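Student: Chain by chain, the residues:
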Amino acid sequence: MKYYKTSLLQLIGPLLALLLSFLIGGIFIFFVGRDPILVYERFFSQTLGNAYGMSQVLFKATPLMFTGLCVALSFRAGLFNIGAEGQLIIGTFLTAWVGFTFNSLPALVLIPFCLIAGILGGAFWGAIPGVLKAKFGAHEVINTIMMNFIAAALVSYLVINVYAVPATIHTPQISPASELPRLDFLVDSLRGSPANVSVFLALTASIFCYYFLWKTRWGYELRALGLSRSASEYAGINIGQRTIMTLALSGGIAGLVGSNFVMGYKHYFELGFSEGIGYIGIAVALLAKNHPLGIILTAVFFGILEYGTLTIGTFVPKELSNILQAIVILFVLITSKLINWWIRQLQALTAIGNVHA
Amino acid sequence: MKKIFLSLPFIAILLCCGCGQKKPEQLKTSELKIGLVFDVGGRGDKSFNDAAYRGLERGKRELGVDFEYIEPGPGADREAALRQLASRDDIGLIFGIGFIFTDDITNMAKEFPHKNFACIDYTVDFKKVIPPNLVALVFKEEEGSFLVGALAALITKTDIIGFVGGMQSPLIKKFEAAYVAGAKYVNPKCLVHIGYAGVTGEAFKNPGKGKELALGQYAKGADIIYHASGVTGLGVFEAAREKQKLAIGVDSDQYHEAPGYILTSMTKVVDNAVYDMIKAMNEGTFQGGRVITFGLKSKGIDYVYNENNKNLIPDDVHAKIEDLRSKIIAGEIIVPYQ
Chain A
1 MKYYKTSLLQ
11 LIGPLLALLL
21 SFLIGGIFIF
31 FVGRDPILVY
41 ERFFSQTLGN
51 AYGMSQVLFK
61 ATPLMFTGLC
71 VALSFRAGLF
81 NIGAEGQLII
91 GTFLTAWVGF
101 TFNSLPALVL
111 IPFCLIAGIL
121 GGAFWGAIPG
131 VLKAKFGAHE
141 VINTIMMNFI
151 AAALVSYLVI
161 NVYAVPATIH
171 TPQISPASEL
181 PRLDFLVDSL
191 RGSPANVSVF
201 LALTASIFCY
211 YFLWKTRWGY
221 ELRALGLSRS
231 ASEYAGINIG
241 QRTIMTLALS
251 GGIAGLVGSN
261 FVMGYKHYFE
271 LGFSEGIGYI
281 GIAVALLAKN
291 HPLGIILTAV
301 FFGILEYGTL
311 TIGTFVPKEL
321 SNILQAIVIL
331 FVLITSKLIN
341 WWIRQLQALT
351 AIGNVHA
Chain B
1001 MKKIFLSLPF
1011 IAILLCCGCG
1021 QKKPEQLKTS
1031 ELKIGLVFDV
1041 GGRGDKSFND
1051 AAYRGLERGK
1061 RELGVDFEYI
1071 EPGPGADREA
1081 ALRQLASRDD
1091 IGLIFGIGFI
1101 FTDDITNMAK
1111 EFPHKNFACI
1121 DYTVDFKKVI
1131 PPNLVALVFK
1141 EEEGSFLVGA
1151 LAALITKTDI
1161 IGFVGGMQSP
1171 LIKKFEAAYV
1181 AGAKYVNPKC
1191 LVHIGYAGVT
1201 GEAFKNPGKG
1211 KELALGQYAK
1221 GADIIYHASG
1231 VTGLGVFEAA
1241 REKQKLAIGV
1251 DSDQYHEAPG
1261 YILTSMTKVV
1271 DNAVYDMIKA
1281 MNEGTFQGGR
1291 VITFGLKSKG
1301 IDYVYNENNK
1311 NLIPDDVHAK
1321 IEDLRSKIIA
1331 GEIIVPYQ
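Chains as they are written, first to last, in this note's numbering: chain A, 1 to 357; chain B, 1001 to 1338.
Note that these hints are calculated values from the structure, not bench results. Owing to the predicted nature of the structure, the values given are computational and were not obtained by experimental measurement. Each residue gets a CB set at the ideal place from its N, CA and C atoms; glycine is no exception. Hints are supplied without guarantee of correctness; some may be wrong.
If the Cβ cut is set under 8 Å, some of the chain B residues that face chain A in the computed set are [as the list claims (entries may be wrong)]: (1) Glu1068; (2) Pro1072; (3) Arg1083; (4) Thr1200.
Same shape as in the complex, but just chain A:
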């Protein structure tokens, strides 16, 4: 009974937040001289009203799942990893590099090779701030941010000065053997959609993280680290090693973004393709309370916002869509806090009546 009540409350919270934020967004839309209802109708019908739109949402959600997991995993260990952006750039570039360099290998070898290169690249980039934190106590927030700049500049140099196809800002095509099939193999109505099977990889990664965090010893130690560093040190956990491991694992997951954009969609690495994905990953993780399975849903939610922004692009300026996105995020975060507080109050009240609660 109580359970039923609380879940109902928790349902109302985000719903209210969404309604309120869309209402405010509607006022904005009205003031730029557009019909809010028409714009919203288009927003939802184009993202969730047909298979093509939904697949575009999945395509947008896939990299956000990877970066969301990356942030969440670190967060569970009490580490603020702002470096998903850099980790994914390094990983993705390496995925593409393997793809176009070893182009004589068969698919069975090359696809895992590309993915592993992505994981290792991201893991390496994550491990550096990890080592700095573990050995010298340098704060990971600053270091991961700085590593983002280094990654962007390094990869940009490599692409433009070494690997770029002349007069473009992308690398050569990866070998056809390393391409991942698109989802239009399954359903014909998805023709033209960039959605590809890497979405299943992202789902697997989410389940893996869930399993890792709650069913393995390492995951347990990682969470213990997040709850209290000193307590876990006292319990005999090797803090430094776990810090490096966590950031490397986070980076490795972010490094899988290449499976979506490079192996599944463009078949080459293009500079600037990932702008902001790493940072939105932070919001994805926070909104999901750093829960790996929740990230699947919040990533889809952000996917809807991202692709929806494009679908209403002819009606409202991009800036307005961005404002709308931000309002939605703020409201959902705020109300979830409020509702949780409210629930705790209610629980405290019922606890007085219910001894076994």
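Since the structure of chain A is already known, use the hints to place chain B on it.
Tutor: Just chain B, lined up with the frame of chain A:
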């Protein structure tokens, strides 16, 4: 319980869209519209993208052809935006603004053979065939950059000039190389300071960085700076105003961004190119599968010389630049672009 909570935002969204069942769009198809997808910089750069927008406005004003546009994000947005416009019945011609559209617009032209497409700054690959419904609009920015480089080198009093680029990329390197070549051609001892705002698309929309780079170059003795950096260039103008030095605009005539401090602008008639395509579509003479090149010869590339900046450019300098122009057109000067 936690899981249920986490699923709530998603459920909420699903509920919300329940009332938004889709209806086919009911728009008149009597008149075809223009669809346009902007470059990363988007509208408001007072330069490249805004020039394209002026072309659209002129088409609406003079030919009555309505338009719609999209400002996409990075990555997959370009293709999705092009397809969104191409799949509409009321849109007959779709523009992609910027070299980055090359692959996407080629694929879209093949996917929608009954729609017309045009791409500004298309990267022509002679090994590939341009689809019969796509026009590649190519500009020889190097010719104009060469001229403004020569102009700057003739006007400078310190024999030091500067260049501020947006994103470090082959396209902007082309501006830089020709600018330096032009300066050295008329004034071999002229020194050129070079700076780039960054290595990603963000570098085209960062006026703060533009100002910082320009102030640095002015401090090192430069008295004229040419920018090829989109919105970032507005910071260069700000620095010029602050230090009472000169700057050179790009793509559009940027005199009004800092009156009195803009020596000239290297103009690229993106607006005319867009307008011409709209006109061709309107008259039914649109012919794809080809490259249209704009250079000094066709005045598709030019530099500004009018009442506003006449007093900044002495007559003998002007004559010299005009002489260089005719030499480039005649092929006597080969402008480097790398």
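Student: All the hints need checking, so say for each whether the structure fits it.
Tutor: Do the hints match the structure? See the list:
| no. | hint | result |
| --- | --- | --- |
| 1 | Glu1068 | holds, 4 Å |
| 2 | Pro1072 | holds, 6 Å |
| 3 | Arg1083 | holds, 6 Å |
| 4 | Thr1200 | holds, 5 Å |
Going down the numbered hints, you'll see the structure goes against none, and every one checks out.
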